[in-house]
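Protein sequence lines correspond, in order, to chains R and S. Going by numbering that gives the first Met the number 0, the first sequence opens with residue 0, and the numbers climb by one from there. Going by numbering that gives the first Met the number 0, the second sequence opens with residue 0, and the numbers climb by one from there.
Just so you know, the hints here were simulated from the structure itself, not pulled from any lab data. Check each hint, because a few of them may be wrong.
[What the hints assert, rightly or not] Label-pair distances were calculated between CB atoms; the ranges are:
1) R:Asn39 - S:Lys416: 27 to 35 angstroms
2) R:Ala339 - S:Gln400: 18 to 26 angstroms
3) R:Asp36 - S:Asn18: 50 to 58 angstroms
4) R:Glu40 - S:Leu402: 23 to 31 angstroms
5) R:Lys312 - S:Asn138: 52 to 60 angstroms
Even for Gly, the Cβ is constructed at its ideal location relative to N, Cα and C.
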Amino acid sequence: MKKIAYFDASVETPEEIILAADMVPVRLFGNPTIGIDKANEHIPPTHCVWARNILEQAINGLGNDIKGMVCTHGCDCTNREFDIWLECVNLDFLFFLNAPLKRNEISLKFFIDDIKELILQLEESFKIKITTEKIQLAIKKMNQIRELLKEISELRVDMKLKGSEFHALVKEIQQSDKDKMIEKLKLKLIEIKERKPFSDENLKKILLTGSVIDDTEFIKFLENVGYQIISDDLCIGSKYFWSKVNENGDPIKALAEYHLNKPIYSTKFPSFERFETLKNLAQTYNVDGVINIAQKFCEPVLYGHPYFNKKFKELGIPYLFVEMEYNRESYKQLATRFEAFSEII
Amino acid sequence: MSEVKKRGKMLNATNKLKNEMGRHFLAIEQAYRDGKPTAWATAGTPVEFLYAMNVQPMLPENSATISAALKKSQDFIELAEEEGFSYDLCSYFKTNVGAVLSNADMSLGGTRKPTFMLSSDVICDTHVNWFQVQAERFNVPHFTIDVPHVVSNTNNRQRDYFKKYIKEQLWELLDFITEVTGNEFNPERAKEVALNSYELGKVWQEVFELRKNIPCPVSTRDTFGGLFPLFTMTGLKSPIKLYKRMYREAKERVDNGIGALEQEDYRLLFEGIPFWYNLRFFSNLERWNAIIVYEPYVYAFTKYTNPNLTKKMVIDNPVESMAELVLSFWYIYDLKTRFEKFKETVRDWKIDGVLLHNNMSCRPNACGMYDLKRKLMEEADIPTLVIDSDMNDPRKMNETQVLNQIESFIEILRKRKKK
Ligand code: SF4
Ligand code: SF4
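Looking at chain S on its own, in the form it has when it is part of the complex (with noise of 0.2 angstroms):
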């Protein structure tokens, strides 16, 4: 192992991602002060609505990215097993339980007791599930939504009533906040949040797109943070700056030859979500000089990557696109699919090696990982590499093994470039 340690770069702009997380906490304070109505939202359903009727939406999966990152999970965690939750259980589910049983404050990972909650299980069942028991506890209406399965033999006939029954659902889910706000749908409102999601999504696949130049100016560093607000803050004007300037400044890199990383060798893409309690772990890759420059968890929440779908159909039929939006999301791409785009990314931006996270928490992810593996490997000949751990809870993360493992990948790699 290299001796010597290399700083990656941030990017200037995403320093500023602090100010934009605190003005999201900020708009919570200020809408429980007004008594407007909040809800909580599980990742994947369409936040978007929330902000189109005046309702501030709350992500308590983010928040327990905070609670990890400030090294609170663990003892979050271990207070819902204390209440019977299983030790086998999703770690964000967990540790919102003992967060909330804590009545832990926000910047500590905390979430409100909110007017009601919406989930879905577009992405796993633990988001209907989980909502279920803490809609149960705080006694607030709840409302999910039901998406169909699409697997690698859907067909188009399929998808055309899948569709029907999320749009329908959607429409229900408009009366459902009406019902409980007293807010009623504007479409006027509704065009412009959709307009800002749309804009937020796409510099952030710019972003991305500047990502396939050697060397890469982007790293996790900027990356995985910076995906904050494109769970909460979708819809909003805020955040497109923030992103307009982070992309500014990764093109002036691009411009000058400059990289993330003084001396890039090695550039990986790493699926799954990241150790949130031990970022620093991403940061050990730069012994090796190798970076991270495609993050299919981070990209799958751009949300608008359906070519199909184009900005006028985003902005004129809001509801009508998000049913589209839904049944093709990165995250939740059949195996077929999974694979075919593992291929694209691979190729366009010159990756060397792939990082699969088998996330204990997350089966719906981890599922499907080793066939995708062995396709990457044998049918496509990208070396792969699955790492065991958890996103959340520290307890099912051996650092030390894990960085053997990549230290091994690594001299695969080194291998193969000297060939």
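Chain R with its partners taken away, still in its complex shape (with noise of 0.2 angstroms):
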């Protein structure tokens, strides 16, 4: 089957119009063990070091399966670097896709008239039909895969599901066939919740929030410390499943509507909004702390740190954060930190 890489600091592409143009969706993440020598040369050092390690993998070739990439309405990273996609990878089909950046009526019309315009240009390049049926046999399905996933999260405040195989789920899921997904989640879901839970005693429940944190091996490195991510708010995670798409009326509108009444990111207006979100999930979650990660250079969650760090010091929830390259060696020069956050906690 036919597959369409998207480039997402978040979650809003809306992966229903590509699965009814009958491809796969496949979301692109960073592989931290390899060298970026080529994307380098396109892009200076000091620019986020996630999006040059995707730039370098499909400089070297997504794959023959990938016929096409979707970049969405990010950060200047993501949204800067879309013209340099198009001088050096080899796909002829990238569309970028302008999510809004504010919330309101006029962004939605604006989003619609984007979605839109995505549907026109992969009908145009694939020489399909994407009907109207289609989008909403879509919708369905996801809004299936969601509300699994919803249920599935909810075993890890339960102890029986660790953090780091949570996350590796969603991330299969985000590159993976979405029919084959949902007989596998509903088959996880049965034998997780057989499971006995895990001795919690040490671990320390954390809400983990930040950029895109799309290494698994990160995660099982905080649970090494003796954290459990019970809670987040991150696109590997509870932004991909937050809510559901409505299934009446138009799919189109329903998409759009879907993503711009998601809590917020941090690369959107106004994103100190997401404070709220992340401390209705920690006090329902009563988490022990607050991790926030920043991938190096990453600005929009840079420019949030020192309001969260005031807003959570009023509350009293311990928080901290962590500024952190794109390496598996960096992780190591990191514990330091994350046991004395783990200690005071």
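Hey, can you piece these two chains together into the complex? The hints should help.
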């Protein structure tokens, strides 16, 4: 089956449209174990490493199944780098989706126009027809995934599911055939529910937030320090299944509404509203602490940190902020900071 | 390196710039005394609408450049870093945070609490994040304009609904201003302001046209400073007069074959924001009889560079025209257009070499620079040099290294000329 990749700093790409085009949406992730020499010839070293890492993979080739790429408006990096992709990535279909910065009626109308343009360009390029019925079917499918994931995610709280296992699962879904994943999730749910909770005596319950965190090894590393991620507001996490798309009415409008009604990302305005989401999650799950991770040079998260620091202090919720390099060696160097935080909470 | 140091000539009119800046700051003082509404605005927002609605604009970016010129920016930046803002964030932003924290006077780059803030993501996300941080601190309303990102393969169909989106937000902005200040939008006043803005931009473009001449009559001594009114006073009458004086003087130089440099051997283009804490750096170029004859960054703020937009359209439909303008702004050109524009400029301004400032503060501007360099060199045979530095943070400037790089670059240009 043909695939369409998407490069998205959050998860605002309407995968349903790609599914309705009878193609598999595949989210692009970084790989912290590779060198990024080729990308460095295009992008200065003081720009987001994660985005450079993905460009490196794209220059090297994303595989024969991948027939195109959608880049969704995120931060200055993802937005500006799209033109570089056009220069040096060998794909015939490259589309920039302008997911709006703001959330109101005007931006909703604009987002609908932009999704319609995506549909038009997919239809023109691949000589296909993306029908309303197909979009509606895709929405149903994705809603099923959202529902299953939501239920599974709660098992982190019950200490039946490690944060890292859950992380790997969400990643897999974002890259795989959705029908197969629905079957897998159904079985997984039954299997995990039957598990005996692991001992949580010494585990610190954490709410994880920040830039895109896509290396499951990093979550494992946090677990080795003594943390269990029981909640998050991440794109490889709850932002992927926060709510469901309305299955009645105009499906394109429903998709746009769904994305604009989710809790806001650090890349959108007003991103400080994220604090309300984080506060609610921290209080609902009674976490021991909040960890905010910024990928090196990730401006959206760097701008937000002092505000969150102040607000969590006011609430008396322990908060740790860490700027991280995108390679596994650096995790080890950060171990003492994570250990120290674990001791004080 | 040549030992002889020749001083480039500044236009007499440029000396009057101080008065113009003074006028701007007095207007701000007066607004506070009179209780008139004030607004912070980021570069690229329609400052014209503020003037049209009797709101006094203040541009913290310009204030930040003043701090840098007075060698104050580093202190302010470090203060912001103590607050938790990363070493890697934009130094204009951090200068402003530090200046506000230390209650700095306007003459040192301080900016007072406004009635509201106006930002946009047309140039960078920093603008939006910056004002979000400061609006929260000052507890004032903040309006941001979302400008869709134009990329190299954006088609006309898309441009149409992009424009519609911007236009709707501009009307929303006018309502917002009325709601916050009580001031109504006056279409007649808006036309007058649009006309002034248009004229200001056009006179500045004419000054740039004169720079096509060999020798070039105007150097960065005039342009970097001369930029100030384009940001802060666009829509007012007084800076037009100043620019006209600059133009007349430059024209006289051209008519008499006089250049800003005594001896002009190399004509350069400088892309990016200058190092405000070290403007002296640019006079160093004179050692090699090199002169910068074009700065896209400066030219960008003349705004009216879209040939499809006539004076009549600007005056008759200020809101509609503004929507078109923000989508066709030099500073945010997509890579393909940027490259074409560079090639054209190099040809028309008879440029020998291009300097690109890889500004560590300004990722949106630096992004694509490596490809731009490669394309200019390989596809257009234009010598190009990338300089790593920062516009407001002197810690990120290694002057000796940069000068050495430039010296080698000039050597390349010299050899090419000999051929
Ligand atoms: S990690 Fe941050 S800087 Fe990098 S692409 Fe994502 S939002 Fe942008
Ligand atoms: S220097 Fe660049 S990042 Fe900073 S405010 Fe200006 S345009 Fe934005």
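Given the range 23 to 31 angstroms, decide if the beta-carbon distance of R:Glu40 to S:Leu402 lies inside it.
-> holds (25 angstroms)
Are R:Lys312 and S:Asn138 spaced within 52 to 60 angstroms by their CB atoms?
-> violated (19 angstroms)
Taking 50 to 58 angstroms as the hint, is the beta-carbon distance of R:Asp36 and S:Asn18 inside that range?
-> holds (53 angstroms)
Evaluate the given range 18 to 26 angstroms for the C-beta pair formed by R:Ala339 and S:Gln400.
-> violated (38 angstroms)
Confirm or reject the claim that R:Asn39 and S:Lys416 have a C-beta distance inside 27 to 35 angstroms.
-> holds (33 angstroms)
Going through the hint list in order, the structure does not satisfy hints 2 and 5.
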